[in-house]
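J.: Residues per chain are reported as follows:
Number of protein chains: 2
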Amino acid sequence: MAQLCRVALDAMGGDNAPCEIVKGAVNAVNATNNIEVNLVGKQELIKEQLKKYKYNKDRIKITDARDVIETGDSPVMAVRRKKESSLVKALYIVKNDEADAFVSAGSSGAIIVGGQTIVGKIKGVERPPMAPLIPTAKGVSILIDSGGNVDARPNFLIQWAKMGSLYMEHIIGIKKPRVAIVNVGVEEEKGNALVKAAYPLLKECKDINFIGSIEAREIPNGEADVIVCDAFVGNVILKLYEGTASTLIKTIKGCMMKNVKTKIGALLIKKALKQELKKMDATEYGGAPLIGLNGLVVKVHGNAKSKEIKNALLQCVKFKQQNINQLIAKSMKKEEKEEIEN
Amino acid sequence: MAQLCRVALDAMGGDNAPCEIVKGAVNAVNATNNIEVNLVGKQELIKEQLKKYKYNKDRIKITDARDVIETGDSPVMAVRRKKESSLVKALYIVKNDEADAFVSAGSSGAIIVGGQTIVGKIKGVERPPMAPLIPTAKGVSILIDSGGNVDARPNFLIQWAKMGSLYMEHIIGIKKPRVAIVNVGVEEEKGNALVKAAYPLLKECKDINFIGSIEAREIPNGEADVIVCDAFVGNVILKLYEGTASTLIKTIKGCMMKNVKTKIGALLIKKALKQELKKMDATEYGGAPLIGLNGLVVKVHGNAKSKEIKNALLQCVKFKQQNINQLIAKSMKKEEKEEIEN
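Just so you know, the protein sequences line up as chains A and B, in that order.
For reference, each letter of the first sequence is one residue, going 0 to 341 in numbering that gives the first Met the number 0.
For reference, each letter of the second sequence is one residue, going 0 to 341 in numbering that gives the first Met the number 0.
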């Protein structure tokens, strides 16, 4: 029998809280029997939203939280001081083992800080990376790190490559996922100081299928499954990817509405276009997990709608079923053992 | 009267040499009287191509060069040893003041190394950046650096911001160009070590119109005119931008050819779409100048066709007319003076 996954959902995080968050929770609960959602936030607001829907009342509960972390708050201070916030309270629910996973559309910084300090790291993990799935022409790749480690050390990248490989193999189902490091060229001698130091370590690493460097141009083509980089570069990739796609789609839509002729043309290709563009839609993949913690912590877009919330919740179910954290813990233990032996 | 601009054109560089290079030269010469092109490369191959066209023979000449720098060659070694290569010979023509500008679709590394060592830097310029123009929803921005300075120092970024501003103001005609630094958030305390060090220096700099950080998402929207970053990040932006656009356009074209209905639809919107997408086409802007040298050095895409070569040559004419190098030299002198005073 499939395991039940219990998720603490920050009902107050993001631009569309609580209405889209609550809607996403209801849709997830109605989509699978394997999930139980704990909505954390101002209970009167959550109840008001819940009234609109039909769902199994045994699988949605509410934990009242009176405070909210705002975008402008300093992550470290907010996590330390706003103990009554929905984000912090939801993380404590995971820490106390009353939930398996945490999902929030709130402040990335607070999620990263709170994830590490409240939920805690798996033993041996140096810096937990935030690793969104990005859509490509061939399917999906994991971009690791695009979180807080903007000045990374080479050994961080090796751990990220291993964790990303486990994720792609066990959650996405890609055998021997191809790992590549983001670089300014494909030749081995290229790169900045970080890449030059990390490249030989990745090459030596036996636990991964390292295929060398990837130029940013090849990312949308899906030329690697696990794309390793420091979080500054990862953030640039993630945001530019979204920005370019959205600007281009806006441009194309503008063309289609130009005159009567183009409007008729648009009607004829609309369905096919919608299908294709759906494949390139990041919200289909349900957010970015913070990997390497004692529990699953997932950040979704600040402007997430119910669809992304629902997909993130369903991804949590898969994560739990695949026991990824045990696999990561095992991989880290092996690393430690090898270090002692050498 | 407009000044004549003499360009040394590497006829053997890039994937489509010499045929597309020669064609681009002919088209430029036929488009304006203010240009004289010196085609550098294997003369028998160049002559064979030139036979195909009608043009003013006084304004295209040939300098024979028997060797070619290949993509796999180490830039430093190639520039040092392949003295008879088209790339090196063309750079010497600029150094000897027999040309004002150099254009090549050849190895970026060799152009950067050769530009600095053969043509030489303007006094005071620490690291000449490669600064392509990138198309945006609002027009065009300059991305500075996307060349060789992958591990940049904060003071390099200040010089790049100044040089980029001069370029955008005098070549593109944007008054008080908005300068922004690529960052992972807009708050002042965000960033990696380099950005955190460069930010306050940019803020203090009186010669530029610094508007703060720009997230990669906003770049395609044209939210800044001068986009400053280290060359690793710049390279990622440039290549991902091109890669995402090309994958997306391929996807859309695929949709349009799906069935009879979509094909008819495609016919109706084709013209409008083509017009719009042309605005987003990087080859319209004629390559990336290496700024801060004693002469203009321009790198075009390795796969450049005649259109991009022609546009690069025409950009050289504008560069010469605007006396950008004198403006940069003046700005560097001012910097030196301010340093002495402080």
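Keep in mind that the hints were calculated from the coordinates and are not lab data.
Check each hint, because a few of them may be wrong.
Any copy, or any two copies together, can satisfy a pair, since identical chains are not distinguished.
Claimed, not checked - Keeping only pairs whose Cα atoms sit at most 25 Å apart, straight-line, the calculated SDA-like set for lysine to any residue is:
(1) Lys-277 to Gly-301
(2) Lys-120 to Gln-274
(3) Lys-306 to Cys-204
(4) Lys-278 to Ile-248
(5) Lys-195 to Asp-72
(6) Lys-195 to Asn-26
(7) Lys-333 to Ile-207
(8) Lys-120 to Arg-80
(9) Lys-137 to Asn-26
(10) Lys-50 to Asn-322
(11) Lys-46 to Glu-35
J.: Enumerate the violated hints, using their earlier numbering and listing them in ascending order.
T.: Going through the list in order, the structure violates hints 2, 3, 6, 9 and 10 and respects the others.
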